[in-house]
Amino acid sequence: MAARKRTSATTAAGTDTKPSPPQTQETNTQIDPPISPPKKGIILKFCIFFSIPYFYLLYQHYKIEEDLKRSILVNAALSVAGFFVTLRMIPVASRYVLKRGLFGFDINKKGTHEGTVKVPESLGIVVGIVFLVLAILFQYFNFTADSNWLVEYNAALASICFMILLGFVDDVLDVPWRVKLILPSIAALPLLMAYAGNTTIIIPKPLVSYVGQEVLDLGWVYKLYMGLLAVFCTNSINIHAGLNGLEVGQTVVIASAILIHNLMQIGASSDPEYKQAHAFSIYLVQPLLATSLALLSYNWYPSSVFVGDTYTYFAGMTMAVVGILGHYSETLLIFFLPQVLNFLLSLPQLSGYVKCPRHRLPRFNPETGLLTGTRDGTLVNFYLRIFGPKSEKLLCIHLLLVQVDQEG
Amino acid sequence: MAARKRASATTATDTKPSPPQTQTTTTQIEPPIAPPKKGLIFKFCCFFSIPYFYLLFQHYKIERDLKRSILINAALSIAGFFLTQRMIPVASRYVLKRGLFGFDINKKGTPQGAIKVPESLGIVVGIVFLVLAILFQYFNFTADSNWLVEYNAALASICFMILLGFVDDVLDVPWRVKLLLPSFAALPLLMAYAGHTTIIIPKPLVFYIGQEVLDLGWVYKLYMGLLAVFCTNSINIHAGLNGLEVGQTVVIASAILIHNLMQIGVSSDPEYKQAHAFSIYLVQPLLATSLALLSFNWYPSSVFVGDTYTYFAGMTMAVVGILGHYSETLLIFFLPQVLNFLLSLPQLSGYVKCPRHRLPRFNPETGLLTGTQDGTLVNFYLRIFGPKSEKSLCIHLLLVQALGCCFCFMLRYFLAGWYK
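These protein sequence lines are chains A and B, in that order.
Using full-length UniProt numbering, read the first sequence as starting at 1 and increasing by one per residue.
Using full-length UniProt numbering, read the second sequence as starting at 1 and increasing by one per residue.
Chain A on its own, in the form it takes in the complex (with noise of 0.2 angstroms):
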């Protein structure tokens, strides 16, 4: 649940953050935009620092054929173009979604001054909009696609585009949270009926002789780990939120460390179906990483823009989609380590065991500058309880390292 929740009708809290009529908001020129300039310097440092594997694994370390070699640096090309488009493009909507009403106050800076600008929300939609446009026209420019390649493609576009709209309506109307957790499976709905692929696992070789069998078909129970799979990415993303830049941040990391592995894959196989489903991956997940640059680039600390229901959505559906198509979930699973434990930790307040309040956020004390964690269940508050009182922006970083350390 994200943190920054615009105030809307259904808390009883009586907040003084309502959306006050537009014409006070924003100027009719567009000389001032009413955010901050985007923190290009931290981008700038992850991709110098990214770049090294990426090159190193996808020229010198492994032979790839190339074809493969090539499709992959358009994809990379056209991911690039869509970093500065979505760079472009969110100062823009920024403007229009304030004029709407849609922001929220930032709850963690709450009795400073920063605590009461508005910033605007679901900036998640341009994300998606720019990330749809790049995986349409990508289409256009892979020369290896055959036809099952094809439905497989369109119909992960099609879950994928699903998803935003709902994440999308999700922020503007405000669902019940039961609604919002079944979202996932309608929106998984096109890549359940198109995948085609096998629904056996391989069982892992201490098991064998419990089970009986090295190979087990598990056919409509796949399918249904596969709808399962969606709702947790998606959801777990989105509580284990609540500091600038959490959301934005574990997806580039989790996403860095899905191209390492595709690339890793695609090099260490020679079986050429093998080798399709990981660059199908590549296809999808580098524009994740180049749009999500961009809004991470507003969203750091201090978050000019909040990103919604909208990204957190789009992300982890983005995500299981292509751990599914690539063959690769339970990979994608012990990426997904931390968002894990954080589900476990949240459980006893998620289904009603423990007191489950609005926001699951640790305590901000505005004149130290600090946040404190509190009792309830998250990945942050419990880092916060064992290892102290910090500031959001060294909490959040904190946080990554963790998620890095679980992807090595």
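As a list, the in silico PhoX-like pairs of lysine-lysine whose alpha-carbon atoms are at most 25 angstroms apart:
(1) Lys99(A) / Lys178(B)
(2) Lys116(B) / Lys99(A)
(3) Lys37(B) / Lys107(B)
If you're looking for bench data, these hints aren't it; they were derived computationally from the structure.
With chain A fixed as given, assemble chain B onto it according to the hints.
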């Protein structure tokens, strides 16, 4: 341009979204919108089912498999009708809470003109339609991989259009962007289109052009993109009366359905029949969910449909026309929309001054609408036939639409053999 834009920040009207608290009650006992007009829908269904079942069962001999797929799709669509009808009042509460509403400009000066009417209920239709269309894949036993590619690309296009339409309803994007949105949404379709890019030259023109069949290549794809832009925006501007947007969609969709059944019946080419069946599988859910919306949107409107609906409907019809390979016939069904577009050109191009709304003038005392000098089919009709009540005018215009479709059928009948 939908006449009932919520009073957004761009208009200097006195109709601002008020704080949500005063808007709704927290109980679910009394819905804030009037009950659906089931009688009208029932009458339409009785009327329409006559030609439908006659063509499907009696007049033509259609294969069992195909007939079964069509009927399963019809059953799914009926379920969708009831689901949509159930969800619209629920969604209306959320939409009102969020400040997405408008005032009925054609009732200004009367008590109904002060009611906050929930906007953008097209989102309910869109979502239910997508779920129906996605689920139907499971029931289509005659699907091959080429069909699946086109079907999923169609779903992606329609879904993207619903998304962009809803974003437009919420954020109120500038009209130049609105024109481009359908081209983006049509991209999956253009990418996946694996059919011919050839057109059959009408026999009389073969002499001038020199060949019977002309391969247009990328120009055909450009035409497809423009068709999507046209269908969506033309429904959007032929609007402004209670029930007009949904009503015209229902009429055109019914005509499309009849056309598809007829083409399946007279043809013996399996690929040709598949193309028209494909169209049926998307038009039946469109028709059913639109009827559910119409039951609330018909005069007097309890809900407004928003650009979400007009874009969704236009895109779906463009998609079926393209993938069913009958886009010329589709354009003839769209004749009133074409006429409206031509009438609107001077104002849309800026040659003549274009006001925010180009609605007829409403007289609260007589309750009649009078045509203004604006270039729309609505005003044009009023100027010729004199002032009318809103409901009467809408019925007239829908009859004009239906007559246009009948004219198309007659045209195809008389020109068959001579034309193609």
